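Engineer: Protein chains in written order, with our numbering: chain A, 1 to 112; chain Y, 1 to 115.
Hint data in this document are derived by calculation from the structure and do not stem from the laboratory. Treat the hints with caution; some may be incorrect.
[To be verified] Calculated cross-link-like contacts (lysine-lysine; reagent style DSSO-like; alpha-carbon spacing at most 27 Å):
| # | chain 1 | residue 1 | chain 2 | residue 2 |
| --- | --- | --- | --- | --- |
| 1 | A | Lys-104 | Y | Lys-57 |
| 2 | A | Lys-94 | A | Lys-37 |
| 3 | Y | Lys-57 | A | Lys-94 |
Remember, it's a predicted structure, so these values are computed and weren't measured experimentally.
One-letter residues, chain by chain:
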Amino acid sequence: GENVEQHPSTLSVQEGDSAVIKCTYSDSASNYFPWYKQELGKGPQLIIDIRSNVGEKKDQRIAVTLNKTAKHFSLHITETQPEDSAVYFCAASKDGNNRLAFGKGNQVVVIP
Amino acid sequence: DSGVTQTPKHLITATGQRVTLRCSPRSGDLSVYWYQQSLDQGLQFLIQYYNGEERAKGNILERFSAQQFPDLHSELNLSSLELGDSALYFCASSVDRGAIYNEQFFGPGTRLTVL
């Protein structure tokens, strides 16, 4: 099955700086890559996703890039704010198979 | 708020017992997914139901079972509970009406503690 890995496991950034989280996946047939944000005591919240027919997608301060050849995708958060502090999960799935394979998660800490 | 509701929020029980977790999907969503989140395994897909029928199975133990009712709510039944079953259990739902990609929206989860 699909194996998704995330790096780094913990990331501390100063408020206003950028944060980048990288994920790799193993199944070349995967073509849908969502990112989830999980705050303490809450369920994962979908923040952005990318399909395999595009290389980059942006939504305000959040962007995701996808490199299908290298089988990796990244989440970029610019101008970080304290409310960005959370655990971020990347995931992957493929057509006809909606099960999401998740990475282990990244703890992002934004230091005021 | 994702629109997915789960009850109960917390559940404490003893080994060997059986519990039922309940999920109501977002209005209009046909698919329900169950995931288990533990510290060592992360978020693991358990099972998916689509419009009342089982569609996909993941790493779900034989002691666990699920079903989706005509009103589309779903229940996850966990029996002969073991200490290692202690985890957060999440339900997610998606529209799944012919679209290739279906965003999944997660509920707030049920925290199960087995003593």
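Engineer: Taking only the CA atoms, is the gap from Lys-104/A to Lys-57/Y under or equal to 27 Å?
Structural biologist: holds, 20 Å
Engineer: Please work out if Lys-94/A and Lys-37/A have their alpha carbons no farther apart than 27 Å.
Structural biologist: Distance of about 21 Å is within 27 Å: holds.
Engineer: Regarding the pair Lys-57/Y and Lys-94/A, is the alpha-carbon distance no greater than 27 Å?
Structural biologist: Cα-Cα ~15 Å, so holds.
Checked against the numbered hints given earlier, the structure satisfies every one of them.
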